[in-house]
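Given the coordinates of chain Y, assemble chain H onto it according to the supplied hints.
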Amino acid sequence: MTDSSTSQPMDDDLEEALAGYVLGALSPAEMVKVEHFLRSNPQYIEQIRQMQDVMGVMAYSTRTKAPELLRSKILTIPQSRRPVQHPSRLLPIRPSVRLPWRQVGGAIAALVVLTLGIDNVLLRQQLAKLELHRAETQIAEDHVTEEDYVFDLRGTNSTIATAKVIIDADAGEVIIGTQNLPPLPENEAYHLWAFTSDQSKILCGRFNTNSDGQTVSHFSIDPKVYTGHIRLLRISREPISNTSQSSRRVLVMTSES
Amino acid sequence: MAISSIDCELINGLKAQQPEALERLYDSYGGMMYGLAFHILGNRQEAEDVVQDVFLQLWHRCSYDPERGSLRSFLMLILRSRALDRLRSHNSRLNMAKRSKYLTFPEAEGQSPLDVATSDEMSQLVREALAALPEKQRRALELSYFGGMTQQEIAHSLQVPLGTVKSYFRLSFTKLRHSLRDFMS
Chain Y
1 MTDSSTSQPM DDDLEEALAG YVLGALSPAE MVKVEHFLRS NPQYIEQIRQ
51 MQDVMGVMAY STRTKAPELL RSKILTIPQS RRPVQHPSRL LPIRPSVRLP
101 WRQVGGAIAA LVVLTLGIDN VLLRQQLAKL ELHRAETQIA EDHVTEEDYV
151 FDLRGTNSTI ATAKVIIDAD AGEVIIGTQN LPPLPENEAY HLWAFTSDQS
201 KILCGRFNTN SDGQTVSHFS IDPKVYTGHI RLLRISREPI SNTSQSSRRV
251 LVMTSES
Chain H
1001 MAISSIDCEL INGLKAQQPE ALERLYDSYG GMMYGLAFHI LGNRQEAEDV
1051 VQDVFLQLWH RCSYDPERGS LRSFLMLILR SRALDRLRSH NSRLNMAKRS
1101 KYLTFPEAEG QSPLDVATSD EMSQLVREAL AALPEKQRRA LELSYFGGMT
1151 QQEIAHSLQV PLGTVKSYFR LSFTKLRHSL RDFMS
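Heads up: the sequence lines are chains Y and H, in that order. Quick note: the first sequence uses the numbering used here, first residue 1, plus one each step. Quick note: the second sequence uses the numbering used here, first residue 1001, plus one each step.
Chain Y with its partners taken away, still in its complex shape (with noise of 0.2 angstroms):
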């Protein structure tokens, strides 16, 4: 086969990996292999764009009609509120319930999903990742004081940064996916700081993003510290090496409104 973009015949087990990424159907290691294969050689993007066009083609097969009703939801919707963004919105989800993980995944896949393109792949393989972790550590599934959380952050100054956090407190884990962070330099980390009802300000973690301005990030947290409610989330930029400097310390985005 000759591959339309680089004029180049294109190796069996190569369209092999490409179609099979775009379908989303290889394992995460596979997955993080094309995605490195991609980066070296971008030109092969060209190939994915025509496989996702063969899939948004292939919707075309179902015959299901819509409702009508729908229609009229969707037209409502410039009416509506902002459900998802609003700002410093703090969601205990269902406390004493535990979320799931794939369908938090779900929610932050779809957060991502809307910019990354390929990058999605990133987000498959942290949810892989997450989905072990469950696997390994599943002994505090009837936890009686579990509690889970969503949190909405934007940017401070007007910028137009945007992250979604979910904190399993209880299992001590957090995930965090962001848009338009602009990456930091070596020396800089941002830092996810958790507020709690008991006046305590506790690092959840730090993280950069790419040079997309995006990141899905995994981190482990003690949940025997987060001994209160967990208030507000904030994220601040700041120097790795000193913590303790508020003075370097930028406030770059916050839940609160």
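Rather than coming from a laboratory, the hints here were simulated on the basis of the structure. There's no promise every hint is true.
As the list claims (entries may be wrong) - Taking lysine to aspartate or glutamate and the EDC-like style, the derived pairs with C-alpha atoms no more than 16 angstroms apart in a straight line are: (1) Y:201 - Y:256; (2) Y:224 - Y:198; (3) Y:73 - Y:46; (4) Y:73 - H:1027; (5) Y:201 - Y:188; (6) Y:65 - H:1048; (7) Y:73 - H:1046; (8) Y:73 - H:1023; (9) Y:73 - H:1128; (10) Y:73 - H:1020; (11) Y:73 - H:1048; (12) Y:65 - H:1020; (13) Y:65 - H:1153; (14) H:1136 - H:1153; (15) H:1015 - H:1065; (16) Y:73 - H:1049; (17) Y:65 - H:1120; (18) H:1175 - H:1120; (19) H:1175 - Y:12; (20) H:1175 - H:1128.
Just chain H now, kept in the frame of chain Y:
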């Protein structure tokens, strides 16, 4: 990647928060999105929820970048991803395996009793192109496209080697790209 002037207009309108752009976007793609969501989820309410969710996101934060592909591909990718995430959130792998027998492309002719045909020419040609694939190639594609199954799971389900599933995907895409070339952007 060239973007059609209509799609360009739609996206610009959406970014400018023009309600009529949302209406046109839904009229252009909403039906297809719902059809795909319903086929994946097998539940009308869930399908509606997913479509609404995607349109809500598009209205509040339209991040479509024409450089990354056609609007149709973008919408279908988001929709499929959302629907599969939802499916996985309440379906165990066992349920998925049980459900896999329903994950089929609609036939090129005739109608499912539950469905109402969207009998435009493009839909018919797409169905014919899919129907022209060898049975196992089509089956592998169905399980992945509608069921979100991995190659490994499909190999197990079809009782063929993993390498065979990989070649099914490759051959399917090659054939479909050729037979549907008139609809490619």
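Results for each hint:
The hinted pair formed by residue 201 (chain Y) and residue 256 (chain Y) meets the criterion: a straight-line CA distance of about 15 angstroms does not exceed 16 angstroms. For the hint linking residue 224 (chain Y) to residue 198 (chain Y), the alpha-carbon distance of about 13 angstroms falls within 16 angstroms, and the restraint holds. Restraint check for residue 73 (chain Y) and residue 46 (chain Y): the C-alpha separation of about 36 angstroms exceeds 16 angstroms, so the hint is violated. Of the pairs offered as hints, the one joining residue 73 (chain Y) and residue 1027 (chain H) holds, with about 13 angstroms between alpha carbons and a cut-off of 16 angstroms not exceeded.
Between residue 201 (chain Y) and residue 188 (chain Y), the direct Cα distance comes to roughly 20 angstroms. Violation of the 16 angstroms bound is thereby established for this hinted pair. Between the alpha carbons of residue 65 (chain Y) and residue 1048 (chain H) the distance comes to roughly 11 angstroms, so the proposed pair stays at or under 16 angstroms and holds. For the proposed pair residue 73 (chain Y) and residue 1046 (chain H), the alpha carbon gap of about 14 angstroms is at most 16 angstroms, so the pair holds. Taking the CA atoms of residue 73 (chain Y) and residue 1023 (chain H), the gap is about 11 angstroms. The hint holds against a cut of 16 angstroms.
Distance restraint check for residue 73 (chain Y) and residue 1128 (chain H): the Cα-Cα separation of roughly 33 angstroms exceeds the 16 angstroms cut-off, and the hinted pair is therefore not satisfied. Using a Cα cut-off of 16 angstroms, the hinted pair residue 73 (chain Y) and residue 1020 (chain H) holds, with the two alpha carbons roughly 14 angstroms apart. The hinted pair formed by residue 73 (chain Y) and residue 1048 (chain H) meets the criterion: a straight-line CA distance of about 9 angstroms does not exceed 16 angstroms. Of the supplied pair hints, the one linking residue 65 (chain Y) and residue 1020 (chain H) is violated, its CA atoms being roughly 22 angstroms apart against a limit of 16 angstroms.
Under the criterion of a C-alpha separation no larger than 16 angstroms, the hint pairing residue 65 (chain Y) with residue 1153 (chain H) is inconsistent with the structure, at around 30 angstroms. For the hint linking residue 1136 (chain H) to residue 1153 (chain H), the alpha-carbon distance of about 14 angstroms falls within 16 angstroms, and the restraint holds. In summary, the hint linking residue 1015 (chain H) to residue 1065 (chain H) is supported, as the alpha carbons are separated by about 12 angstroms, within the 16 angstroms threshold. Proximity of residue 73 (chain Y) to residue 1049 (chain H) is assessed by CA-CA distance (about 10 angstroms); at most 16 angstroms being required, the pair is judged to hold.
For the given pair, residue 65 (chain Y) sits about 12 angstroms from residue 1120 (chain H) by alpha-carbon distance, which is consistent with the 16 angstroms threshold. Proximity of residue 1175 (chain H) to residue 1120 (chain H) is assessed by CA-CA distance (about 22 angstroms); at most 16 angstroms being required, the pair is judged violated. For a cut-off of 16 angstroms, the pair hint linking residue 1175 (chain H) to residue 12 (chain Y) stands: about 14 angstroms separates their Cα positions. For the hint pairing residue 1175 (chain H) with residue 1128 (chain H), the CA-to-CA distance comes to about 12 angstroms; that is within 16 angstroms, so the pair holds.
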